[in-house]
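Q: Construct all of the structure, not just a fragment, from the sequences and the given hints.
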Amino acid sequence: MDTPAPAPQPTPVTPAGGMFQGSSPKLTFIFGIIAGVAVTTIIGLAIVLPKAYGSPKSTSTTTGTVADANTNTTAAPTYTAPKAVSDADYQRGNKNAKVVLVEFSDYECPFCKSFHPTMKDSVMKDYGDKVLWVYRQFPLSFHQNAEKEAEAALCVGKLGGQDKFWAFSDKIFERTTSNGLGFALTDLGPLAKEIGVNQTKFQQCLDTGEMTATVQAQQADGTAAGVSGTPTTLVLDNKGKFITAIPGAYPYSQVKTYIDQALAQS
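Oh and the sequence shown: position 244 is 292 in the working numbering, straight run, nothing missing.
Derived from the structure by calculation, the hints contain no laboratory data.
It should be emphasised that the depicted structure is a prediction, and the values quoted were computed from it without experimental measurement.
Hints are supplied without guarantee of correctness; some may be wrong.
[Claimed, not checked] DEER-style ranges, computed between Cβ atoms: (1) Arg223 x Ala136: 19 to 29 angstroms; (2) Gly257 x Ala136: 14 to 24 angstroms; (3) Lys241 x Thr305: 37 to 47 angstroms.
Here a beta-carbon is modelled for each residue, glycine too, at the ideal position from N, C-alpha and C.
A: Below, the structure is given as structure tokens:
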């Protein structure tokens, strides 16, 4: 194996003036080494810190465009119709409505938390029988409790039907702090009991992973339809044809525009 040749020793130079004037060559040499190390360190930090913390433009917070800032991805997907709505879906509104809003959501997503009242208290109140709201699961991998919360909601729906599913979902959004661990998994059973579902049967459903495959299937369906962040609401006509998408937690004024345009096309 080749070995590097010994590095040549620097020749001490006595400064002509400045702060080291009159200092010994050895002392000058030591200060030179210290200064070199300091400069190298500063340059290294200048390179490493931006990579470690990122720049404001690299923050992933939207669906569609960065300007939206109300979902969990910066992707700009092409949307298509998801799997057809059926009686197996959890729905609010008129099953024969002209416009169907299929929302893919995550119980630990802060944007979903802020969007839920927009759908529940504004859209459903103002549009009544004109729209149907369908909720599908899309737990994001970096929200640690979201997967089990999604399964829990489906277990509640299995045991208690549509009304219990929605009551359970409403309360999780009311109580979670939406940080990935915002609603403790140990509180899922007591919440099921609170809304009138048998806690023992609920816990058995949750612990055995009975709804895991269903959650995964809904997420795969959303991905195939172009969903890459939450909340994403796909707007369809009553025949299942894709009209448009609401890619984020838009304020009601914007959501209303989407719905009105969809109604005009239906």
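Q: Compare the structure with each hint and give your call.
A: We went through each hint and held it up to the structure:
1. The beta-carbon spacing between Arg223 and Ala136, approximately 27 angstroms, falls within the hinted interval of 19 to 29 angstroms.
2. Checking the proposed 14 to 24 angstroms range against Gly257 and Ala136 shows it holds: the Cβ atoms sit about 18 angstroms from each other.
3. Checked against the given bound of 37 to 47 angstroms, the beta carbons of Lys241 and Thr305, roughly 41 angstroms apart, stay inside it.
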